[in-house]
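Participant: Chains S, R and X supply the protein sequences, listed in that same order. Note that the working numbering numbers the first sequence so that position 3 is 3, with each residue one more than the last. Note that the working numbering numbers the second sequence so that position 236 is 236, with each residue one more than the last. Note that the working numbering numbers the third sequence so that position 149 is 149, with each residue one more than the last.
I should point out that these hints are in silico values taken from the structure, not numbers from a laboratory. Take these hints with a grain of salt, some might be off.
As a list, the in silico BS3-like pairs of lysine-lysine whose alpha-carbon atoms are at most 27 angstroms apart [said to hold, decoys possible]: (1) X:Lys-98 / X:Lys-10; (2) R:Lys-231 / R:Lys-28; (3) S:Lys-4 / R:Lys-284; (4) X:Lys-148 / X:Lys-204; (5) R:Lys-288 / S:Lys-63; (6) R:Lys-15 / S:Lys-63; (7) R:Lys-45 / S:Lys-63; (8) S:Lys-63 / R:Lys-104; (9) R:Lys-309 / S:Lys-4; (10) X:Lys-148 / R:Lys-309; (11) R:Lys-119 / R:Lys-15; (12) S:Lys-104 / S:Lys-90; (13) X:Lys-236 / X:Lys-98; (14) R:Lys-247 / R:Lys-129; (15) R:Lys-258 / R:Lys-45; (16) S:Lys-57 / R:Lys-282; (17) R:Lys-231 / R:Lys-15; (18) S:Lys-4 / R:Lys-247; (19) S:Lys-57 / R:Lys-229; (20) X:Lys-198 / S:Lys-57; (21) R:Lys-293 / R:Lys-235; (22) X:Lys-148 / S:Lys-15; (23) S:Lys-4 / X:Lys-204; (24) R:Lys-231 / S:Lys-63; (25) X:Lys-161 / R:Lys-309; (26) S:Lys-63 / R:Lys-165; (27) R:Lys-295 / R:Lys-284; (28) R:Lys-165 / R:Lys-258; (29) R:Lys-104 / R:Lys-165; (30) R:Lys-165 / S:Lys-15; (31) R:Lys-258 / R:Lys-119; (32) R:Lys-231 / R:Lys-258; (33) X:Lys-161 / X:Lys-204; (34) X:Lys-204 / S:Lys-15; (35) S:Lys-57 / R:Lys-28; (36) R:Lys-15 / S:Lys-57; (37) S:Lys-57 / R:Lys-293; (38) S:Lys-63 / R:Lys-28; (39) R:Lys-258 / S:Lys-15; (40) R:Lys-229 / R:Lys-284.
Below are the chains, spelled out letter by letter.
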Amino acid sequence: MSGKGFYQEFEVFSKRTDTSPLQYQFSLLAPNHELALVMAQENFMRREPVADIWVVKRDDVRKMTLEERQTLQRLDNKDYRNTKGYGYLKKKWRHYEQEMLDEKEILSWGGKQEK
Amino acid sequence: MVNPISFDQLTEEEKYQHFIERIEAGEKIEADDWMPADYRMTLIKLISMHGISEIMGALPEKEWVPKAPSLRRKLGIMAKVQDEMGHGQLLLRVVEDLMKPLGKSRENIIQDLLSGDLKFHNVFHMEAKTWGDAGLIGWLVDGAAIITQTNMLDASYGPYARALKRICAEEVFHAQHGEAIIMALAEGTDEQKAMIQDSINRWWEALLMFFGPGDASTTGTSKQDTTIKYKIRTKTNEELRQDFFTKYIPRVLSLGLKLPDETMHFDQESGMWQYQQPDWSKFKQIIKNNGPKSKDRLRLREISYSNNKWVIDALSAKA
Amino acid sequence: MRYALEDAMKNEAYRDAAVELLFQLADDDFILAYRGSEWLGLAPHIEEDVAFSSISQDTMGHAAMFYQLLHELGAGDPDELAHARPASDRKNAILLEKVNGPGTYLTEPHYDWAFAVVRNYFYAQAKKVKIESLKNSSYQPLAEAAVKVNMELYYHLLHWKTWFSQLVSAGGEATTRMETAMETAFGDLDGLFSLGQKGAEMVKHNLIESEDDLRKRWVQAMSPVVASLDINMPEKFGMKSGNGRDGVHSSDLQSALDTLGEVYNFDPAASW
């Protein structure tokens, strides 16, 4: 199947909106990238909005083996990486009569410019 | 993940054990994962038959696409036949990946279909004589398909389960498309009403057969035990058929239609529907491509294959 | 001046010209979508079968929009317009009614993919040119419909252009087949641009631009493709089979009408 021939394997990815992440859809067979691209939307997204489509030759995707997937496991002991590990600060700040600058607060700062 | 292990150090027996533990734990098997040969073969047989049945299943309804009686119906049935082809695409991709280690591809699937080695569902060997049949296929054949397909939504083979999830979502549209046609006929003129009754009478036996024989004693072999063992599906053929009766018989009767089986009734004691068994020897003949439309529909696929071969050849070198 | 529905209904000459134009647009899309629906399950590749079907659905959807505009102008029920008018009343270009190949869709359909690609590509480009012009149509409802239809044409054009370019440049049998199909299409291509006997009226009322302008714009749009693929495009196109805008049609249309109206005509008064 690899190499030349009409039936080349392509993996199809798409974005639902400009701001959504790229999502894997499915695979299709096509003789080249151009035809893969013009068939992709109608095969996998004919009932939903799409903002962008990527097609990738299957040969160019390096997948993990079953054994390699075991390398993805981690212990759940890393709260120092997350805000969860710093929750105690809330109480501390209260002592100084300050609000905690939590994720919700900080991510709201970039918001719309006020005129 | 079940028992992290170093795979190459395991014996075949241990690999098998690990595989069984994974599916027992509800893990999904992926295309490139180790799997026992008979798991692979069972999936190939099941999914290639399922996939090619979608492709062949597009044909009886397709006969009615150009003839559909309004713009809306023309659009609806076109979309439905498109979905059948689309489901075939999804399923063939799943089975093509399973066949790849055996050196087989889509071309082999089509060849196997044309040579008669690959079977397709009994219902798609039947004639779709009237517009009523087009409605009935959407309503009851797709209804039956929904019952069997939702039964496998949690299949242990990940790619199949994911394809089925897409398929079942679209089947809901199919069922409603079929219901819309049937409803219009049921509420229509006397001729229109007679049209659906006639469709039910002609399709009833094929619908019963759709779920397959109750057990191996009827036709000699049955794959249902293997598919249940490997957690590809959960219910037996007979359980699925009973589910179908429970869901659809009250609806059929509510439209004033009659079942062509006078013995049909729900037995309170056993909690089962009692019905006249279809002629299973006929079933065996039908799926051997000796049904009323088997040859004609295979001929259509053959023409499509041979007529368009130049297109495949022309673009093969351009990869 | 821009005409709303009420304005058009007050001006008979204007209304007649608008109705005539709408019949051409609706019938073109309807019959080509019908030909597309005959291809279901028979395309060269499963993935392509699915994609092609979407285009046929879009196209029939456009036909339904135009029949609806006709209905508003008092021309009749959209389903009746689509299913029950005799061939002599149909205004589609003859190129679009031609069969997909020998055989019927039910028996021995020896359909020609080269002709499908060429016809659909040429038509998609012609439709694009027309729709661009119609976006400025004096008939407001038509101008609004044109904006909507235009949205789906980008895909139709890209899809068919991709197939067209690849098959024309593939060499060997593919190129020969594509050339044969183009010869057939060029021979009747003028039928697509024709506005029929009320053409002058349509232009006078600013419903659409003239045939010559439309044809010129088509040639212009095609010229990069023609140049890069080294295509032998004739100086003049033909209308060998006649002008469908005048109700002249081939037997291909009659047999299509018999099929597409079979169930409808079983009982036109019934609800289906």
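Participant: Which of the listed hints are not met by the structure?
Facilitator: 1, 3, 5, 10, 11, 15, 16, 18, 19, 20, 21, 23, 28, 31, 32, 33, 34, 36, 37 and 39
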